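Visitor: As a plain string of letters, each chain reads:
2 protein chains.
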Amino acid sequence: MTAAGKTVNNGVNVEALLGAREALTNAPEAARFKWRAATEWKNGTHSHSTVESFYGLGEEQRRKTTFTFNADHPEVFASEDKGATPVEYVLVGLASCLTAGIAAVAQNRNIQLRSVTATIEGDMDLQGILGIDEEVRNGFSGITVKYVIDADAKREDIEALVAQSQKRSAVYDIVTSPTNVTVLVN
Amino acid sequence: MTAAGKTVNNGVNVEALLGAREALTNAPEAARFKWRAATEWKNGTHSHSTVESFYGLGEEQRRKTTFTFNADHPEVFASEDKGATPVEYVLVGLASCLTAGIAAVAQNRNIQLRSVTATIEGDMDLQGILGIDEEVRNGFSGITVKYVIDADAKREDIEALVAQSQKRSAVYDIVTSPTNVTVLVN
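Here the protein sequences come in this chain order: H and E. According to my numbering, the first sequence holds residues 1 to 186 in order. According to my numbering, the second sequence holds residues 1 to 186 in order.
If you are wondering where the hints come from, they were derived from the structure by calculation, not from laboratory data. In this text the structure is predicted, and so the values were computed from the model without any measurement.
No copy labels: a pair is met if it fits in one copy or bridges any two.
With a Cα cut of at most 20 angstroms, we get these calculated EDC-like pairs of lysine to aspartate or glutamate:
| no. | residue 1 | residue 2 |
| --- | --- | --- |
| 1 | K146 | D123 |
| 2 | K167 | E134 |
| 3 | K34 | D133 |
| 4 | K146 | E159 |
| 5 | K64 | D81 |
| 6 | K34 | E135 |
| 7 | K167 | E156 |
| 8 | K34 | E60 |
| 9 | K42 | D150 |
| 10 | K146 | E52 |
| 11 | K167 | D133 |
| 12 | K42 | E75 |
| 13 | K34 | D81 |
| 14 | K42 | D81 |
| 15 | K34 | E75 |
| 16 | K34 | E121 |
| 17 | K146 | E121 |
| 18 | K42 | D152 |
| 19 | K64 | E75 |
| 20 | K34 | E59 |
| 21 | K34 | D123 |
| 22 | K42 | E80 |
| 23 | K64 | E52 |
Using the sequences plus the hints, can you model the full thing?
Guide: Given below as structure tokens:
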């Protein structure tokens, strides 16, 4: 219940998150997380990945479930289309990160969400990855995310929710700012 | 068969890829692709995404299969762990992109792969996304990918395979270089 007497439930435990923030402010070592995946080449461009353990709160964390993913290229690239392409995984990561953030911020701001849907599209000129034109980058030239949000709030408050989610999104930061990647063999 | 009489099969149709490169050199408009996902908020930090259509070769492309993905936060964040976290999706995308590239480059270089596995780990200080320390970024402070590759090739040739895959990887580029993201509401 809020001062206005309105009870909002977006399914996000904001008290736990605020408690975590306070706890981790006093124990910065516990805030150091390691997220992981393991990938096995199957055949051609098809690979199979698993996501299970991670490290955080000062210790190894194991889930009840192992999440599994197939990645491949589509048939127009003479592949077998056994899974989403790697770049589509990035789009799923970005849209799901922003969407979780919208729910968490809405809960914290006492805004009841009814529905949130996003369509996300990344433009890519294949002249990059095919090595046709060295001036063309391999990745996306740009990404557009379009939200349709039905919530018990004014339009400006809904826009502010989305802006705050961008500000605190891990994947938005990964995509918009450079990250150092080290690749080792054996 | 090669000049050395060795037949290599990694399941990658390199002739088709080289043909595509030639065709797209002469028809740059066909090289402009759009990759997509659609994401629906379910409850809390849980969302459900679908990947199906894309645009390329000058027209809408539809797959036989719709790929579906759940994303969520783990129980230590007071969530229900109904799917991998958004940042783990990025790790799956990066490892699967580099792995597909290794297979394609190996085929082109006449190197028979026997097995390729990767473990990928991203370091993240949660003081960023929790807003504890403005100096800490929201995303990964760094990512390390470790490959174990069994192939019919010298170590230096295997290392060169991995280096070439990085050079041509869409997701490696997305993670290591900034991409413009536009987020629109309604």
